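Number of protein chains: 2
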Amino acid sequence: MTFAMIGTWRMAYEGLSKGMELMKNGGNSSDAVETAIKEVEDYPFFKSVGYGGLPNANGLVEMDSAFMDGDTFAVGAVAGISDIKNPISVSRKLSKEHFNSFLVGSGASEYAVLNGFERKSMLTARAKKIWEKRKREIAQENLSPYDGHDTVGMISLDPKCSMAVGTSTSGLFMKKPGRTGDSALVGDGFYCDSEIGGAAATGLGEDIMKGCLCYEIVRLMGTGLTPQAACDKAVYPFIDKLKKRYGKVGEFSLVALNNKGEWGVATNVEFTFAAGDNKNAPKIMMANPGEDGTTVIEPITKKWLDAYELRIKAPID
Amino acid sequence: MTFAMIGTWRMAYEGLSKGMELMKNGGNSSDAVETAIKEVEDYPFFKSVGYGGLPNANGLVEMDSAFMDGDTFAVGAVAGISDIKNPISVSRKLSKEHFNSFLVGSGASEYAVLNGFERKSMLTARAKKIWEKRKREIAQENLSPYDGHDTVGMISLDPKCSMAVGTSTSGLFMKKPGRTGDSALVGDGFYCDSEIGGAAATGLGEDIMKGCLCYEIVRLMGTGLTPQAACDKAVYPFIDKLKKRYGKVGEFSLVALNNKGEWGVATNVEFTFAAGDNKNAPKIMMANPGEDGTTVIEPITKKWLDAYELRIKAPID
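In the order they appear, the protein sequences are chains R and E. Per the UniProt record's numbering, residue 1 is the first one in the first sequence, and the count goes up by one each step. Per the UniProt record's numbering, residue 1 is the first one in the second sequence, and the count goes up by one each step.
In isolation and in its complexed conformation, chain R is listed as follows (with noise of 0.2 Å):
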């Protein structure tokens, strides 16, 4: 009775724990998503993510999510909602829909107030401090706008094989207004066959989106290789290619999950993960690039998790 999830960054951790717990009472792997994305964005303190994200360069938090049912591949998926207090709910409930199942810009919005989804005003105080510390930057120092684009990615397997995974973000900081990334987009942003296994990915979405990794990685996974050989072998040639041919390549993490609770991950920058199976309690651990189109994962450290917790929480000038 196997079950296993993983997800991005350190602030998946509670969330995934809760989807976990679900999961181990008999839960079905799309809640155990729904669930735990619905914890990342309802927290205030991470900034990227639903309830406390970062803006958009005019002060509207736009939110992109998706939801992906790896038995029947029936996906549902938002861009720029605004003002919808869990994006990942909506998409889960377009997932239901045979037709018009992927919403963008004030439809998205319109239909999950029509659907009985709860409104609520997105952009904390913080998170409106930190847009004007950051327009007030730009102003002065003619700084680049762009920073900060993580996206929390959740794959799940639960006891009955049956996967799932889903995307939510509040994307670039500071983008134009509508701007999306890869986290709505099927096969760039997320993947997910539970004959097979599922994978997310987080950072530049412009640059991941080039890629496709995320249908990379569960198609070399059903040739049979590990999800950390398919992490490998699908995300770090497709960056040195990019490098090669567009000259420049932004940050790639991506995780993914097989049908049998093993898991792997893939980055070009420091980035750190949560998982856990039904052996292993959920863990918060680190990834970083290793040689030759490897990946370095260690245990996190209790000095890592004090300075976040620290940073996430710091004032703002």
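Hints are computed from structural coordinates only; laboratory data are not their basis. Model, not experiment: these values are computed from the prediction. Heads up, some of the hints might be wrong.
Said to hold, decoys possible - DSSO-like, lysine-lysine: derived pairs with alpha carbons at most 27 Å apart:
1) K93/E - K248/R
2) K233/R - K241/E
3) K244/R - K96/E
4) K93/R - K241/E
5) K260/E - K244/R
6) K96/E - K243/R
7) K241/R - K260/E
8) K18/E - K279/E
Could you slot chain E onto chain R? The hints should help.
Just chain E now, kept in the frame of chain R:
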């Protein structure tokens, strides 16, 4: 000095011919794609693309488009853009941005206006009449509202072996506001790698996106398959898989072109397309699903073309 082009549906023909002429006179593949798709967007009697495209449930023409440069993997895309004459030109311009290259909803329309793209009310009197008629039919007969979701997709290869792909559509007729399909999603509605080839899709976007088929076709061509073999191998087994796993499957039609100028098609419905190269003048052909996962391609008949011409201009009662 090979150059070639393929485009979806009979509507591709005139634009594709212009794109081919342009490449014959030294133009590049990106110019050819943009020129070809603009021609389709501008023609008022094609009811699923650009001016004259059928509106959403609220009567607004909302359009999706994307552009991908096969040399660099640069992608630009818009979803749910309105009141802009040529979405493909906006997509191409966005493909030159490293950040904010995919815009949705009002953000996409605002970007286009701010960047000097021509504004235009895209709802023709004819399209409005078709919309009003369908609203009456739905009210009276409880018909399914959805019909007509023909994307124009064009892939080009120029004499310097550069490739590009573009898509443009007004999407599903009577769609919910903000609905988008596969046409703006990398790997789902289009993909292109000049070292291999390109692919583009049309049909029910909600189902096409579940398979990442354009990426998969290009990947298969990269393993040495001809475009036709790659189309057959990617598309028909996935259609079978989706029927089994999801229980139903919409319309799928895909075209591919490799960097030798060879092309291929796969479809589960009657599907017209246009193709040409430096040796063969552009012509319209018809594809149908054959036996055992194959595609039957025939010349188009004068009878079909005459009936089409009458149909797209027939009075609306």
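Outcome of the hint check:
Of the supplied pair hints, the one linking K93/E and K248/R holds, its CA atoms being roughly 19 Å apart against a limit of 27 Å. Among the hinted pairs, K233/R with K241/E is consistent with the structure: their alpha-carbon atoms are about 26 Å apart, no more than 27 Å. In summary, the hint linking K244/R to K96/E is supported, as the alpha carbons are separated by about 17 Å, within the 27 Å threshold. For the proposed pair K93/R and K241/E, the alpha carbon gap of about 23 Å is at most 27 Å, so the pair holds.
Our distance criterion of 27 Å between C-alpha atoms is met by K260/E and K244/R, whose separation comes to about 22 Å. Note on K96/E and K243/R: the hinted pairing holds, with a Cα-Cα distance of about 16 Å set against a maximum of 27 Å. Between K241/R and K260/E, the direct Cα distance comes to roughly 21 Å. Compliance with the 27 Å bound is thereby established for this hinted pair. The straight-line distance between the Cα atoms of K18/E and K279/E is roughly 16 Å, inside the 27 Å bound, and the hint therefore holds.
Checked against the numbered hints given earlier, this structure breaks none of them.
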